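A.B. asks: Sequence:
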Amino acid sequence: MLAPMKKLFLLTLPFVAIFAILWLLRTPDTDPAAMADKYTNAQSRFTENTEGLRVHYRDQGNPDGAPIILAHGTSASLHTWEPLAARLGETYRIITYSQPGHGLTGPHPRDDYSYAGMAEALDLVTEDLGLDHFALGGNSMGGWISWRYTIDHPDRVDALILLDAAGMPLRDGEEEPPLNIGFQLLANPAGRFFVQNFTPRNLVKESALQSVSVKSVMDETTIDRYWELLRLPGNRRAAALGWIADPEMHFADRLGEILAPTLVIWGAEDQLIFPSAAKTFDERLPNADVIIYDGVGHIPMEEAPARTARDIDAFLQTVFEPQLEVQP
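Using the working numbering, read the sequence shown as starting at 7 and increasing by one per residue.
Derived by calculation from the structure, the hints in this document are not laboratory data.
Source: prediction; values computed, not measured.
Note that CB positions come from ideal geometry on N, CA and C, so glycine has one too.
It cannot be assumed that every hint is accurate.
Said to hold, decoys possible - Below 27 Å or equal to it, Euclidean Cα-Cα: the simulated DSS-like pairs (lysine-lysine) are:
1. LYS221 to LYS211
2. LYS285 to LYS211
3. LYS285 to LYS44
4. LYS44 to LYS211
Said to hold, decoys possible - Listed next, with one range per pair, are the computed distances between beta-carbon atoms:
5. ASP295 to ARG177: 17 to 23 Å
6. ASP35 to ASP288: 40 to 46 Å
7. GLU327 to LEU265: 14 to 20 Å
8. GLU181 to GLN49: 41 to 47 Å
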């Protein structure tokens, strides 16, 4: 008869072996210094508050142009705006930043991925640059941050640009849109554990490809960037916490308070946020223009950068040109 301790050892040995194997198979974090070397450029800046929130941003384009601040969506980074910055930079001052839990910004020191925690990063950038007025734009989650910020700071936002923006309720009769594979995992506790520890490159690639209609924009270099920055220490945990943060949907009822001129751009093939949400924005925003792009998915500024830049420029000319005419 086996001694009790030996019996216990034999019973627990398989579990220990399984955990050891899982530990060996986990996807490691990336090295922050190596990522900073790889994903910063001459325009990159960092600003930090007293609590330790450190935000990566870029200030580029025409330094004398009207400033445009752009906020990216979930799992992305400021790099998603580079095609747009290259096309608008001759006329406008383009400011992009990586939100808490994303890119080289890394996790929020209080793990606050609510609107309030994300807006801290936007405030930190504007304070560092001394900006009181600007056009504000965002894609997906960044669009949600943008319109929420405009409700809170109507005196600061001269124009609002929403690209497949989050935050609108489903319309009558609509079902929830399908989730890409990455978001499916984040939608349940076991999946969130998996994402925080096992993040194969193919998972990131498949999720990215499911988010766009123009598949060519998700080339191997872009997939590497998504995968490597997601694995910056703390970012995967932030993704899990961000998924369960309160979206405060009741603020959608306050869209009518936004009087700033607004441009709404949407990909007709968006499967993450249905194009019908653009109609909801149009109905609720008092001063909005809506443009739908055929053949484009969830990320218009990457899938159709030339058209997106032209439409944003045409829109902003109507906003800023009257101001320019009265200058001495």
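A.B. asks: Hint check: LYS221 vs LYS211, CA-CA at most 27 Å. Holds or violated?
C.D. replies: Answer holds: LYS221 to LYS211 is near 11 Å, not above 27 Å.
A.B. asks: Quick check: does the Cβ-Cβ distance between ASP295 and ARG177 fall within 17 to 23 Å?
C.D. replies: Once the Cβ atoms are compared, 20 Å apart, the range 17 to 23 Å for ARG177 and ASP295 holds.
A.B. asks: Hint check: LYS44 vs LYS211, CA-CA at most 27 Å. Holds or violated?
C.D. replies: holds, 20 Å
A.B. asks: Hey, LYS285 versus LYS211, does the alpha-carbon distance stay inside 27 Å?
C.D. replies: violated, 30 Å
A.B. asks: Given the hint of 14 to 20 Å, check if GLU327 and LEU265 actually sit that far apart at their C-beta atoms.
C.D. replies: holds, 19 Å
A.B. asks: Taking 40 to 46 Å as the hint, is the beta-carbon distance of ASP35 and ASP288 inside that range?
C.D. replies: holds, 43 Å
A.B. asks: For the pair we were handed, LYS285 and LYS44, check the Cα-Cα distance against 27 Å.
C.D. replies: violated, 40 Å
A.B. asks: Kindly confirm whether 41 to 47 Å is satisfied by the beta carbon distance between GLU181 and GLN49.
C.D. replies: holds, 43 Å
In terms of the numbered hints stated before, the structure departs from hints 2, 3, listed from lowest to highest.
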